[in-house]
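So the protein lines, in turn, are chains A and B. In terms of our numbering, the first sequence has 40 at position 40, counting the first letter as 1, and numbering is strictly consecutive. In terms of our numbering, the second sequence has 414 at position 414, counting the first letter as 1, and numbering is strictly consecutive.
Wrong hints could be hidden among the right ones.
[To be verified] Derived pair list, reagent style SDA-like, types lysine to any residue, alpha-carbon separation capped at 25 Å: (1) A/K160 to A/H146; (2) B/K384 to B/D298; (3) B/K345 to A/A58; (4) A/K10 to B/K345.
[Claimed, not checked] These stretches of chain B come out as covered by chain A in the derived footprint (C-beta under 8 Å, 3 or more residues): (5) 157 to 167; (6) 179 to 185.
[What the hints assert, rightly or not] Take a look, some chain B residues computed to stay more than 12 Å from chain A by CB distance: (7) M37; (8) D44; (9) P249; (10) E295; (11) N358.
Just so you know, these hints were derived from the structure itself, not from any lab. Where is the CB? At the ideal position from N, CA and C, for every residue including glycine.
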Amino acid sequence: MNPLHKRYSKEIDQILDKYPEDQKRSAVMPLLYIAQREAGYVSREEMEQIGEILSITATEVASIVGFYTLYHDHPEGKYRIQVCNDLPCAMRGADDYLNALCDRLGVQPGETTEDGVITVEAVMCLAACDKAPMFQSQSSQGIAYHENQSVDSTMQQVEKWRQESAA
Amino acid sequence: MNDRILLRHLDIKDIAKLPVYKQQGGFQAFEKAVTKMQPSEVTDTVFDSGLRGRGGAGFPTGLKWRFMDKDNWPHYVTVNADESEPGTFKDREIMESNPWQFLEGVMLSAYAVGATEAYIYLRGEFWELGHALDKQIAKLEKEGLLGDSLFGTDYSLRLYTHLGAGAYICGEETALLESLEGKLGQPRLRPPFPPSYGLYGKPTVVNNVETLANVPLIIEKGADWYRGYGTEKSPGTKVFSLSGRVKNPGNYELPLGTTFRELIFEHGGGIIDDKNVKAIMPAGASSSMIVANDEALDTPMDYENVPNVGAQLGSASIIVVDETVSMDWLINKTLHFFKHESCGKCTPCREGTFWMQNLTERIHHQQASWDDVILLNDVASNIKGKCLCALGDFATEAVTTSIERFPEDFKQVAPIKITEDETKAVA
Numbered sequence: 001m002n003p004l005h006k007r008y009s010k011e012i013d014q015i016l017d018k019y020p021e022d023q024k025r026s027a028v029m030p031l032l033y034i035a036q037r038e039a040g041y042v043s044r045e046e047m048e049q050i051g052e053i054l055s056i057t058a059t060e061v062a063s064i065v066g067f068y069t070l071y072h073d074h075p076e077g078k079y080r081i082q083v084c085n086d087l088p089c090a091m092r093g094a095d096d097y098l099n100a101l102c103d104r105l106g107v108q109p110g111e112t113t114e115d116g117v118i119t120v121e122a123v124m125c126l127a128a129c130d131k132a133p134m135f136q137s138q139s140s141q142g143i144a145y146h147e148n149q150s151v152d153s154t155m156q157q158v159e160k161w162r163q164e165s166a167a
Numbered sequence: 001m002n003d004r005i006l007l008r009h010l011d012i013k014d015i016a017k018l019p020v021y022k023q024q025g026g027f028q029a030f031e032k033a034v035t036k037m038q039p040s041e042v043t044d045t046v047f048d049s050g051l052r053g054r055g056g057a058g059f060p061t062g063l064k065w066r067f068m069d070k071d072n073w074p075h076y077v078t079v080n081a082d083e084s085e086p087g088t089f090k091d092r093e094i095m096e097s098n099p100w101q102f103l104e105g106v107m108l109s110a111y112a113v114g115a116t117e118a119y120i121y122l123r124g125e126f127w128e129l130g131h132a133l134d135k136q137i138a139k140l141e142k143e144g145l146l147g148d149s150l151f152g153t154d155y156s157l158r159l160y161t162h163l164g165a166g167a168y169i170c171g172e173e174t175a176l177l178e179s180l181e182g183k184l185g186q187p188r189l190r191p192p193f194p195p196s197y198g199l200y201g202k203p204t205v206v207n208n209v210e211t212l213a214n215v216p217l218i219i220e221k222g223a224d225w226y227r228g229y230g231t232e233k234s235p236g237t238k239v240f241s242l243s244g245r246v247k248n249p250g251n252y253e254l255p256l257g258t259t260f261r262e263l264i265f266e267h268g269g270g271i272i273d274d275k276n277v278k279a280i281m282p283a284g285a286s287s288s289m290i291v292a293n294d295e296a297l298d299t300p301m302d303y304e305n306v307p308n309v310g311a312q313l314g315s316a317s318i319i320v321v322d323e324t325v326s327m328d329w330l331i332n333k334t335l336h337f338f339k340h341e342s343c344g345k346c347t348p349c350r351e352g353t354f355w356m357q358n359l360t361e362r363i364h365h366q367q368a369s370w371d372d373v374i375l376l377n378d379v380a381s382n383i384k385g386k387c388l389c390a391l392g393d394f395a396t397e398a399v400t401t402s403i404e405r406f407p408e409d410f411k412q413v414a415p416i417k418i419t420e421d422e423t424k425a426v427a
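Make a model of the complete structure from these sequences and hints.
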């Protein structure tokens, strides 16, 4: 058992049970979520370990990380604020919201605040077009939707996250 | 209105709680099917109801189930809960607010095609929803509604959720299957179609969330009851996701055949600041651009009539565009999306979306000439029909129909002088 498997053995074994015995590769996406849960990204070592568990190469695991946008291969802010500014959201002010939020945080879209707590990104449609402006947060606590946002309401949430990170 | 079939949480408080759903007759259809009906009878009832796939293609659901290869086992059911089309947000509401009915629909479809395992493929962003469904599935196992030897028969069934990780293309059914197999979400060459070669190479039904949520009441009340809603060729109700420049965006469940005017002005409250409606995209960002004149507004929203005004109903994600929006800006937005979401497998789509967005970026920022508009139209026309899946075509619909139907918007931003002949070259 490699370090990743040992650390999350019960959870990983439960996931492996969902798929047929000879189709373990299906578990690559759920295993990647486990691997990046704490640090917010998947390291090369962890990709190798996932490959070992599923009998596929580390390169194949890395290709999955590269293809899907919710996996990350390097560290960023502890909390990612992912703003949808696709067409329906943009028609309800999402671009202005994103720009104003970035101004308040002193970053450009895609950048991380100096304290390392927040990364702001523009992302593709999140299926919440009627509740724009909105963003999803991605962090060690999982992925959560924050709908009907204003810059002020988002900044209140940012302050909470900053306090939690300082504590 | 008390005629909702899908968004029943708006009529029945707490239907998201299992005891309340059961009080409303929940899971009786599943028990009846497993104990008293042959799988083929369930399929026949769904076929007779005329239910058509709600994910966008509108393919008859019962027919899809009949296509399952009966000489190759096991069979799988896979639920497409990868809702990612800009403008579409109906499946999330159904799964969040009326989850048991959705799950019962999955269970009935599994019984109908003889599947003992079903996977619900959710987009990764529906992380919270996926965890909620896991708990609900565990509850059903505890109650003996899922598991081995159901109701004393030899039928067994297990449901699993599987989270994607942010790729629009996985809403395409064969890309979804690839992704579920742990590979890149890239479409397969078809045929063979999933009912003969699907998940792990086995016969597989892939159905949309909304489609399956219709099934419990069809089995409970019968095909004729279902045909009492909607039109002859498009029976039933549909959840219309209304977004864009309307006062009250949201999901509205209405009979198929309701007019655009009723949806936008009665239910949606009309246009923000009472501006004029300019265009309608009935199938999300993949849609052709309908000119919102009186004829279009009075068109019934169903699979047969929407093509008469030059578009498809698709997933019925109605994006409303008003006079404040310019089409050069709009297609720059949709192409930004499609360029990002092209999976890279087919050259016309991968390269075409890149070059189209390169052009729209220049056109939108007034750094282009009319020649560039013609070139854009030309690139778009050359992508159509040349890719393995529909994404390439989808990326071009808004482009070519905007240039054709709203040429003024492009003349304003592509400032170099235009002669009559050059205008005609596009139209």
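Now for the hints, and whether the structure bears them out:
no. : hint             : result
1   : A/K160 to A/H146 : holds (14 Å)
2   : B/K384 to B/D298 : violated (29 Å)
3   : B/K345 to A/A58  : holds (22 Å)
4   : A/K10 to B/K345  : violated (37 Å)
5   : 157 to 167       : holds (count 7)
6   : 179 to 185       : holds (count 7)
7   : M37              : holds (28 Å)
8   : D44              : holds (30 Å)
9   : P249             : violated (4 Å)
10  : E295             : holds (24 Å)
11  : N358             : holds (18 Å)
In summary, the structure is inconsistent with hints 2, 4 and 9 from the numbered list given earlier, while agreeing with the others.
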